[in-house]
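Undergrad: With the hints as constraints, model all of the structure from the sequences given.
As you go down the protein sequences, you meet chains Y and G in turn. If you use UniProt numbering, the first sequence corresponds to residues 1 to 409, in order. If you use UniProt numbering, the second sequence corresponds to residues 1 to 237, in order.
Derived by calculation from the structure, the hints in this document are not laboratory data. Mixed in with the good hints, there may be bad ones.
Stated by the list, open to error - Here chain Y is said to cover these stretches of chain G; the calculated rule only asks that three of the stretch's residues, wherever they fall, bring their Cβ under 8 Å from a Cβ of chain Y:
hint, region
1, 52–59
2, 68–82
3, 85–94
4, 109–116
As the list claims (entries may be wrong) - So the derived label-pair ranges between C-beta atoms look like this:
hint, chain 1, residue 1, chain 2, residue 2, range
5, Y, A384, G, S41, 48 to 54 Å
6, Y, L399, G, N118, 27 to 33 Å
7, G, N142, Y, Q46, 57 to 63 Å
8, Y, I351, G, T100, 27 to 33 Å
9, Y, A384, G, G32, 50 to 56 Å
10, Y, A384, G, T100, 31 to 37 Å
11, G, D16, Y, A384, 43 to 49 Å
12, G, A138, Y, V308, 55 to 61 Å
13, G, A187, Y, L399, 35 to 41 Å
14, Y, L399, G, D174, 35 to 41 Å
15, Y, A384, G, D7, 49 to 55 Å
16, G, G32, Y, L7, 38 to 44 Å
The structure displayed is predicted, hence computed values, not measured ones. From the three backbone atoms N, C-alpha and C, an ideal C-beta is built for every residue, glycine too.
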Amino acid sequence: MRPWDALHAAALALVENPVRTLLTLLGVIIGVACVVSMAAIGAGAQQRISEEIGAFGANVLVVNPGATRKDGVSSATGDQKSLTLADAEAIAGLATIAAAAASDFGKVQVVAKNRNWSTTVNGTNVRHFAIRQWTIGSGRAFSPEEEVSAAKVAVIGATAAEHLFGADDPIGQVVRILNTPFTVIGVMKPKGMAFGGQDQDDVVFVPIAAAAVRLIGGANTVNHDAVAYILASARSSDWMGYAVDDVTRLLRQRHDRGTRDDDFTVTTASSALAAQESSTRTVALLLGSVALFSLLVGGISIMNIMLVCVTERTPEIGLRLAIGARPRDVAFQFLLEATALSALGGLVGVILGSVAAVIVTRVLGWPVLVRPEMVAAALGLAAAFGVGFGWYPAWRASLLQPVDALRAR
Amino acid sequence: MLISAQDISRRYGAADLPFFALRPTSLEIEAGAFVAVVGASGSGKSTLMALLGLLDRPSSGRLLFEGRETTALRPDATARIRNRRIGFIFQQYHLLARMTVLRNVELPLVYAGESPRNRRRRAEAALESVGLTAKFHAMPANLSGGEQQRVAIARAIAADPVLLLADEPTGALDSTSGEGVLGLIEALNAQGRTVVMVTHDSGVAARARRVIRMRDGEIVSDGPADPETRHPERAAS
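TA: What follows is the structure, encoded as structure tokens:
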């Protein structure tokens with residue numbers, strides 16, 4: 001029997017009872033659709049995480065003020081400004097660290113002519129840009145003199161530039177931050193979204209000295225040197241572990257922590273995102289297991305229906321054997337029907353799963369990625385379930401004796 | 001000799017309490033013969049036909065088909081003999097309802113591995129020979145009983161077998177359709193094909209040249225048909 005003839009016979013048998021075929025397909029359709037949509041969501045999240053690690057810098061570490069406990073009262077992480085400019089300078093001096101930059105920031109209203117925009121004002125220095133591998137799109141960065149003299153100059157992100165100046169060139173223009181005029185000397189190249197949907201380009205950078213004296217730090221009457229966080233880069237991504245240890249040891253010593261807990265936290269881009277990745281993986285695994293069980297149920301329903309088919313079509317099997325079909329031809333035909341059923345279910349499932357993934361993207365704004373190899377794997381899995389669960393009914397059909405099969409009612 | 005059966009039997013049940021559907025039986029059928037196997041229900045005639053058609057294996061004895069011992073053959077080998085050398089005609093036609101007349105007739109040729117063009121040509125020729133030229137693309141359900149049996153005959157001869165085995169070929173037909181089918185079978189025998197026809201109807205059996213009568217799993221008589229009942233009109237009445 002030629003393969004095409006077997007395929008044609010299988011198609012005719014499936015079309016003969018369309019409702020039953022459709023109901024049998026449902027289990028596989030749901031299973032494969034789940035597999036495809038979950039894999040698409042998982043792959044999308046995975047891709048975004050790796051993009052963000054790449055964008056943030058694989059060798060970047062962030063030091064934040066930690067939670068502290070004083071007189072039995074706990075404060076939240078970052079509430080205490082335990083980090084200072086001097087800490088940043090000390091970190092920069094470590095052998096494992098290439099550069100360090102202190103930053104202080106706050107959300108404020110920025111005004112340019114008749115436009116205003118609420119954005120993040122970040123007081124830092126040019127090393128911040130180098131650490132984050134963020135380059136100037138037009139204009140220039142702060143000069144060392146401007147950093148030291150708390151000059152009223154600003155480098156703005158692409159989003160802030162668009163909202164404050166529209167199509168106009170921002171270079172040389174003035175923005176008022178908390179009523180203090182700052183001259184725009186540069187615009188950063190677009191950086192895109194950070195994890196969690198935060199727009200990294202919605203920012204205005206000013207020299208940290210200017211921020212401390214004229215803006216954010218002005219409110220901090222206790223400690224003008226306090227900073228919100230310190231950004232640093234290890235000499236290479238392989239040195240990250242050593243760099244984290246060095247920074248921790250240094251700051252514990254500088255903050256005189258003794259046997260007490262750290263009053264700061266050192267986070268790397270990969271460690272922050274790994275936590276996110278881990279939770280994404282857990283959800284994907286959970287939903288993947290549900291999808292696999294769904295496929296299993298679909299496979300069992302195919303086996304059940306194929307067993308019914310073998311019983312129902314026993315006289316047909318008898319006829320086929322009588323006119324020259326070999327037992328293996330009969331087995332192949334039923335196996336092909338089961339495989340065709342599950343492959344068809346797989347195909348519909350892939351389409352539905354992809355549509356579901358697109359809907360998730362649109363409605364929830366989650367990143368989704370449907371990879372061809374993922375689709376092929378889902379289809380292969382469905383077909384394998386078809387072969388696996390179709391084997392037993394096919395084997396039973398092939399064991400029938402022609403004379404008994406012909407006499408069956 | 002086309003078929004030579006030596007002490008073949010078919011036994012069911014436990015060894016200590018056997019039931020013989022066919023007691024040890026010997027017979028020979030020469031090429032070109034037209035044999036009717038007659039008997040009441042349960043006489044063993046269908047069992048004999050199943051054994052002669054290699055649809056079943058004898059519990060004992062030897063069965064030679066075209067001089068070749070068949071009882072020890074593997075299922076694939078017996079399938080090949082059935083496919084190339086034997087055509088079956090059943091009382092209930094056994095047509096596949098989801099296939100057109102043409103596809104039904106092509107079926108043995110599909111298992112013979114014939115090319116689509118070849119099997120279509122041969123199936124059309126078979127259908128023309130049974131007078132169903134206009135019904136190639138009809139579905140079996142839209143045909144009369146007589147027409148369905150003609151399709152089954154076309155399917156039986158599509159692969160050009162040497163032996164036709166007919167199990168009650170007129171059993172489900174009215175007398176007119178039955179007469180047409182019997183005429184076709186006679187014509188096929190006249191062309192040189194060996195025909196073994198199982199029937200419970202003595203009138204139909206009388207159309208054969210040799211009649212084997214069976215009772216309780218045994219052959220009770222084997223000889224030429226009664227010339228008095230060979231006339232078609234008498235047989236039909």
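Undergrad: Against this structure, judge whether each hint is valid.
TA: Cross-check of the supplied hints:
{"no.": "1", "hint": "52–59", "verdict": "holds (count 3)"}
{"no.": "2", "hint": "68–82", "verdict": "holds (count 5)"}
{"no.": "3", "hint": "85–94", "verdict": "holds (count 3)"}
{"no.": "4", "hint": "109–116", "verdict": "holds (count 4)"}
{"no.": "5", "hint": "Y:A384 <-> G:S41: 48 to 54 Å", "verdict": "holds (49 Å)"}
{"no.": "6", "hint": "Y:L399 <-> G:N118: 27 to 33 Å", "verdict": "holds (32 Å)"}
{"no.": "7", "hint": "G:N142 <-> Y:Q46: 57 to 63 Å", "verdict": "holds (59 Å)"}
{"no.": "8", "hint": "Y:I351 <-> G:T100: 27 to 33 Å", "verdict": "holds (32 Å)"}
{"no.": "9", "hint": "Y:A384 <-> G:G32: 50 to 56 Å", "verdict": "holds (54 Å)"}
{"no.": "10", "hint": "Y:A384 <-> G:T100: 31 to 37 Å", "verdict": "holds (34 Å)"}
{"no.": "11", "hint": "G:D16 <-> Y:A384: 43 to 49 Å", "verdict": "holds (48 Å)"}
{"no.": "12", "hint": "G:A138 <-> Y:V308: 55 to 61 Å", "verdict": "violated (29 Å)"}
{"no.": "13", "hint": "G:A187 <-> Y:L399: 35 to 41 Å", "verdict": "holds (39 Å)"}
{"no.": "14", "hint": "Y:L399 <-> G:D174: 35 to 41 Å", "verdict": "holds (39 Å)"}
{"no.": "15", "hint": "Y:A384 <-> G:D7: 49 to 55 Å", "verdict": "holds (51 Å)"}
{"no.": "16", "hint": "G:G32 <-> Y:L7: 38 to 44 Å", "verdict": "holds (40 Å)"}
Going through the hint list in order, the structure does not satisfy hint 12, though it satisfies all others.
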